[in-house]
Amino acid sequence: MIVGLDMGGTHIDGVIIKNGKIINTVKKPTDKDNLFQSIWTTLKELLSEHDKSEIQRINLSTTISTNAIVENKISSVGMIIQSGPGLNHDFLACGDENVFISGYVDHRGKVVEPLDFVEIDKAINLFQKNNIESYGVVTKFSTRNPSHELKIGEILKKEKPSQITMGHTMSGKLNFPRRVFTSYLNSAIHNTFRDFSHSIKKSLDKEGINAPLFILKADGGTMNISTAEKKPVETILSGPAASFMGMNGMLSTDKDAVLLDIGGTTTDIFFLADGVPLFEPLGIKIDRYKTLVRAIYSVSIGLGGDSSIGVEKGKINIGPSRKGYPYAFGGPKPTPTDAMIVLGLMAKGDRKKAYESMEILGKKLSLSPIDTSKLILETMGNIIQNKVNELLDEINSHPVYTVKELLHGKKIEPKLINIIGGPAKALAPILKEKLNLPCYYPKNYHVANAVGAALAKPTTEITMLADTSRGIVSVPELGIYEKIRKNYNLNFARKRALQLLEESAVSMGASKDEVETEIVDESSFNMVKGFYTTGKNIRIKAQIKPGLIHELRGDKYDEG
Amino acid sequence: MMKANNKLGLVFFPAFDWAISSTHPEREERLLYTQDQIFEEGIQDIEGIQFYNPVIAEDKDIERVHFCVPDVKSRLTNSHFISVGGAIKAFQAVMNKEVDKSFALIRPPGHHAQRVVYGDRGFCVVNVEAVMLERIRQEFGPLRVAIVDTDCHHGDGTQDIYWNDKDTLFISFHQDGRTLYPGTGFMDEFGGPSAYGYNINIPLPPGTGEEGFLYVLDNVVMPILDEYKPDIIINSAGQDNHYTDPITNMNFTAQGYAKLNEKLNPDIAVLEGGYSIEGALPYINLGIILAMAGLDYSNVHEPDYDKETLKQSVDITEYIKKVSELVYNRWKDKEDLRLKDLRGLNNIERTRQVYYDTDGILDNQVQNFKVCKRCSGVNTINSRSDNGYRIFAITIPRDACSNCLDEGYKLYKNTSTNYTNVYLQDRINDEYYSK
Numbered sequence: 022m023i024v025g026l027d028m029g030g031t032h033i034d035g036v037i038i039k040n041g042k043i044i045n046t047v048k049k050p051t052d053k054d055n056l057f058q059s060i061w062t063t064l065k066e067l068l069s070e071h072d073k074s075e076i077q078r079i080n081l082s083t084t085i086s087t088n089a090i091v092e093n094k095i096s097s098v099g100m101i102i103q104s105g106p107g108l109n110h111d112f113l114a115c116g117d118e119n120v121f122i123s124g125y126v127d128h129r130g131k132v133v134e135p136l137d138f139v140e141i142d143k144a145i146n147l148f149q150k151n152n153i154e155s156y157g158v159v160t161k162f163s164t165r166n167p168s169h170e171l172k173i174g175e176i177l178k179k180e181k182p183s184q185i186t187m188g189h190t191m192s193g194k195l196n197f198p199r200r201v202f203t204s205y206l207n208s209a210i211h212n213t214f215r216d217f218s219h220s221i222k223k224s225l226d227k228e229g230i231n232a233p234l235f236i237l238k239a240d241g242g243t244m245n246i247s248t249a250e251k252k253p254v255e256t257i258l259s260g261p262a263a264s265f266m267g268m269n270g271m272l273s274t275d276k277d278a279v280l281l282d283i284g285g286t287t288t289d290i291f292f293l294a295d296g297v298p299l300f301e302p303l304g305i306k307i308d309r310y311k312t313l314v315r316a317i318y319s320v321s322i323g324l325g326g327d328s329s330i331g332v333e334k335g336k337i338n339i340g341p342s343r344k345g346y347p348y349a350f351g352g353p354k355p356t357p358t359d360a361m362i363v364l365g366l367m368a369k370g371d372r373k374k375a376y377e378s379m380e381i382l383g384k385k386l387s388l389s390p391i392d393t394s395k396l397i398l399e400t401m402g403n404i405i406q407n408k409v410n411e412l413l414d415e416i417n418s419h420p421v422y423t424v425k426e427l428l429h430g431k432k433i434e435p436k437l438i439n440i441i442g443g444p445a446k447a448l449a450p451i452l453k454e455k456l457n458l459p460c461y462y463p464k465n466y467h468v469a470n471a472v473g474a475a476l477a478k479p480t481t482e483i484t485m486l487a488d489t490s491r492g493i494v495s496v497p498e499l500g501i502y503e504k505i506r507k508n509y510n511l512n513f514a515r516k517r518a519l520q521l522l523e524e525s526a527v528s529m530g531a532s533k534d535e536v537e538t539e540i541v542d543e544s545s546f547n548m549v550k551g552f553y554t555t556g557k558n559i560r561i562k563a564q565i566k567p568g569l570i571h572e573l574r575g576d577k578y579d580e581g
Numbered sequence: 004m005m006k007a008n009n010k011l012g013l014v015f016f017p018a019f020d021w022a023i024s025s026t027h028p029e030r031e032e033r034l035l036y037t038q039d040q041i042f043e044e045g046i047q048d049i050e051g052i053q054f055y056n057p058v059i060a061e062d063k064d065i066e067r068v069h070f071c072v073p074d075v076k077s078r079l080t081n082s083h084f085i086s087v088g089g090a091i092k093a094f095q096a097v098m099n100k101e102v103d104k105s106f107a108l109i110r111p112p113g114h115h116a117q118r119v120v121y122g123d124r125g126f127c128v129v130n131v132e133a134v135m136l137e138r139i140r141q142e143f144g145p146l147r148v149a150i151v152d153t154d155c156h157h158g159d160g161t162q163d164i165y166w167n168d169k170d171t172l173f174i175s176f177h178q179d180g181r182t183l184y185p186g187t188g189f190m191d192e193f194g195g196p197s198a199y200g201y202n203i204n205i206p207l208p209p210g211t212g213e214e215g216f217l218y219v220l221d222n223v224v225m226p227i228l229d230e231y232k233p234d235i236i237i238n239s240a241g242q243d244n245h246y247t248d249p250i251t252n253m254n255f256t257a258q259g260y261a262k263l264n265e266k267l268n269p270d271i272a273v274l275e276g277g278y279s280i281e282g283a284l285p286y287i288n289l290g291i292i293l294a295m296a297g298l299d300y301s302n303v304h305e306p307d308y309d310k311e312t313l314k315q316s317v318d319i320t321e322y323i324k325k326v327s328e329l330v331y332n333r334w335k336d337k338e339d340l341r342l343k344d345l346r347g348l349n350n351i352e353r354t355r356q357v358y359y360d361t362d363g364i365l366d367n368q369v370q371n372f373k374v375c376k377r378c379s380g381v382n383t384i385n386s387r388s389d390n391g392y393r394i395f396a397i398t399i400p401r402d403a404c405s406n407c408l409d410e411g412y413k414l415y416k417n418t419s420t421n422y423t424n425v426y427l428q429d430r431i432n433d434e435y436y437s438k
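Protein chains in written order, with the working numbering: chain A, 22 to 581; chain B, 4 to 438.
Because the hints were derived from the structure by calculation, they are not lab data.
Every value quoted in this text rests on a predicted model; they were computed, and no experiment measured them.
Among the hints, erroneous ones may be present.
Keeping only pairs whose Cα atoms sit at most 20 Å apart, straight-line, the calculated EDC-like set for lysine to aspartate or glutamate is [as the list claims (entries may be wrong)]:
hint, chain 1, residue 1, chain 2, residue 2
1, A, 306, B, 50
2, A, 550, B, 32
3, A, 431, B, 20
Just a sample of chain B residues kept apart from chain A, beta carbon distances all over 12 Å, derived [claimed, not checked]:
hint, residue
4, 16
5, 179
6, 186
7, 217
8, 221
9, 265
10, 278
11, 313
12, 329
13, 339
14, 408
Every beta carbon over 10 Å from chain A, so not counted as near; a handful from chain B, in silico [said to hold, decoys possible]:
hint, residue
15, 182
16, 184
17, 192
18, 218
19, 293
20, 334
Don't be surprised by glycine CBs; every beta carbon is placed ideally from N, CA and C.
When you get a sec, could you build the whole thing from the sequences and use the hints?
Quick look at the structure:
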């Protein structure tokens, strides 16, 4: 028995899945002022009729970190940043105090200029003077050699801070500004998330629930609660990932596909490549920060069932804003929902009012209310079609770096569309025609996000670089920076990477039998000095295969 | 986040799966550390910097510029079509006004590739800038262009291709040909009869540093460009003038390269040579990107940069001043020099030997330029290589008059079968023939 909970901005959804079938669902409003209480009430109601000892795991997608950032309810952070030669560093100042220090590690991981410990002492004094207890330490190329970050970390530890985040532990990817911002956010939300986590754990204890608790990440995978406490930044923006995973659970495919989550205010667009989710190339953006937090690629447009509709210069404009409920539900403006009601595609709402709203719009367009309604759905279809095509162009022209990839690289060519959301059924035939693809929507779409949370499994990735000329292998995410022998080769590296990845996944709460590792990228460069080979530069990216614990057994509706 | 002052297009194509050979300077590893530096600096996240993939050039793009012997397919690998395609994409982005400027970080390079191509010389098979420019002229119409070659080696290929083209001013500054491959690029290499004075070489002494390069730029290159008034400036951007380059002897720096690009303000920059892949390229490329994007590059420098030790000697400074004066005066006097050197001639013959160092081929050729009052004149190449080819190649230039056009076709028709290969480039109708 698996429990899935998804906390959204307005609702918390919960499901229990047993033997691949949904056996209970609950939907409750979110109390923004007491998120923990909202979750707890939902969970209690969900489990009221079920045997708690049967729970194998609880998977939770929460907005706790996202809200903390967006509403600026975060701890003060002192940042120590070593930016070395390169871009001017002013724009990196994200902490409440930012101290830029000297010293430099180059792209190969060689220490070019040492640390100046006097500068670190000064930074500590400054932080203490301002009562700052959370720190972030980021040095340029720390993924290549973390020694400066580690040394500074050791010194800071003596001050018994509430949190130190070191850049290299956040991601193995190269992107110094993002590493700075990600580390900052991780320290800033640490206390908020820790408090939340303590409350949940205490309450579970009280109820006698021993099942392990997992938190959903923006990449559609999970991590256990103790990992989340160390890396709370990974818990941001997990909502779209939850609904995406839910769609995948309900409508599984191994083909290229477009996934649409059409809600009241927005439409989220996702893609699958051969059935595998497409990720953001570097990481997700939150507030004004671009981060290295791995995330499902998703683009949100201001188009939904409740988008307000106006007419300008004889043309229909839908969205991007929502002005309230649809007209048929007492709202101020005509909406696509009203059009669907008029066309008989939706049974709810005041049919008369819906008709009235279409009449008002129709007058400006010299169209009947029915034709106006049709035109609205048609226009929605066009907006989605254009956006999908634009995104596909962008995705398919992402930079590549080898002749082979440029000539024969994978291009995403969707073979089907999966939709969820209120307007899904009404829009399916239109999108089918516009994009000339079969269109599917699931039965239980309204709990897709909770299903997604429930079926998600622990995921992680690692970045390995073995430089045999320097005799060093590094895996920054795992804090590995070790000597290797000169004869280290791609084969050794592969094996080691997969083994490390498995260990890492298990430490995040995965059971050994569910861990499926894979190498997603590998290269081995001959390193030459003068005209002689001095070693190999081996680079490997490995990940837990993205996917679900299992698919959901159930019917899917087919418009195709 | 940071925002670029100039919208910049970047084609970054390191061709990580292509090398001349595994230990050759032109190998897979060449742009690896440049990529690391660009990624770590977060260049992708700067608003206004747009990354593009190369397009793939077509055979016709190559035939428009080169006579490949025996043909295009047998001389080029995929990586060449892509390298050129990268430059074409960068230029298209500027012409389509998607960006203000572009930088194509591509390999292999091209500026040693001449009109006739028997193989690889100086790591080049196809002249990237020329193929790019001629494709753009076909797509977008006539353009007055200045190519400034800032590679440490003389751009002898680009010189050969634009030798007789007044609409393409070629300026190359480089380490003196008496001390470095390819051994050409002297002041008296001044252009063909229709473009006399529009091929400008500035040979510089070994040991030239920031001061010298920027002096040449301020006192020769910029004044000439001000007078020439090009529509487009292309920087043929070699990076081997750097003080750490393993195969040259200059003292230029990342700061210097960035300053040079800020002053030159090119519309397009195309990577050429540069083989200090660890100590120079990551920093030079970063400097050029920031300078072209109009961003602050003052903090970009090599880890071991020391302005004092890289200062050039007084002797070098004085020598460079003299060279600069001579070159600039010759530019000013080009009309008089043309009358003096070319008066009364109907044809100009240019006899030369071309050595393909990478492939070990020797080519003896005679180029013949018709002096035509109405156009830049039909011209031919009679070439014999020591690997068994004897070719005759005819070029009808873009501005050819009807007489020269007819003459070109007549020559092609009447050329005897004594040659292994005969070629005709009709740039007016964009038609290319061989037999």
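query = Beyond 12 Å from every Cβ of chain A: is that where the Cβ of residue 339/B lies?
reply = The claim holds: residue 339/B sits with its nearest Cβ about 49 Å from chain A, beyond 12 Å.
query = Far enough from chain A: is every CB of that chain over 12 Å from the CB of residue 408/B?
reply = Nearest chain A Cβ is 38 Å from residue 408/B, so the label holds.
key: No chain A beta carbon within 12 Å of residue 329/B's   = holds, 37 Å
task = Decide, holds or violated, for the assertion that all CB atoms of chain A are farther than 10 Å from the CB of residue 192/B.
result = holds, 31 Å
message = For residue 313/B, is the shortest CB-to-CB distance to chain A above 12 Å, so the non-interface label stands?
response = With a cut-off of 12 Å, residue 313/B remains clear of chain A, as the shortest Cβ separation is near 15 Å.
task = Decide, holds or violated, for the assertion that all CB atoms of chain A are farther than 12 Å from the CB of residue 16/B.
result = violated, 7 Å
message = Just want to verify: residue 217/B was marked as not at the interface with chain A; is every Cβ pair farther apart than 12 Å?
response = Residue 217/B clear of chain A: closest Cβ-Cβ about 20 Å, beyond 12 Å.
key: Distal placement of residue 293/B relative to chain A, Cβ over 10 Å   = About 7 Å separates residue 293/B from the closest Cβ of chain A, which leaves it inside 10 Å; violated.
Verdict on residue 334/B as a residue remote from chain A, using beta-carbon distances over 10 Å = At about 38 Å from chain A, residue 334/B clears the 10 Å cut-off, so the statement holds.
request  = Examine each Cβ of chain A, and state whether all of them lie more than 12 Å from the Cβ of residue 265/B.
outcome  = Holds: least Cβ distance 15 Å, greater than 12 Å.
request  = Could you check that no beta carbon of chain A comes within 12 Å of the beta carbon of residue 186/B?
outcome  = Check passes; 22 Å lies beyond 12 Å.
Outside-interface status for residue 221/B - nearest CB in chain A farther than 12 Å = Given that every Cβ of chain A is farther than 12 Å from that of residue 221/B, nearest at about 25 Å, it holds.
This entry does not satisfy hints 4, 10 and 19, going by the numbered hints stated previously.
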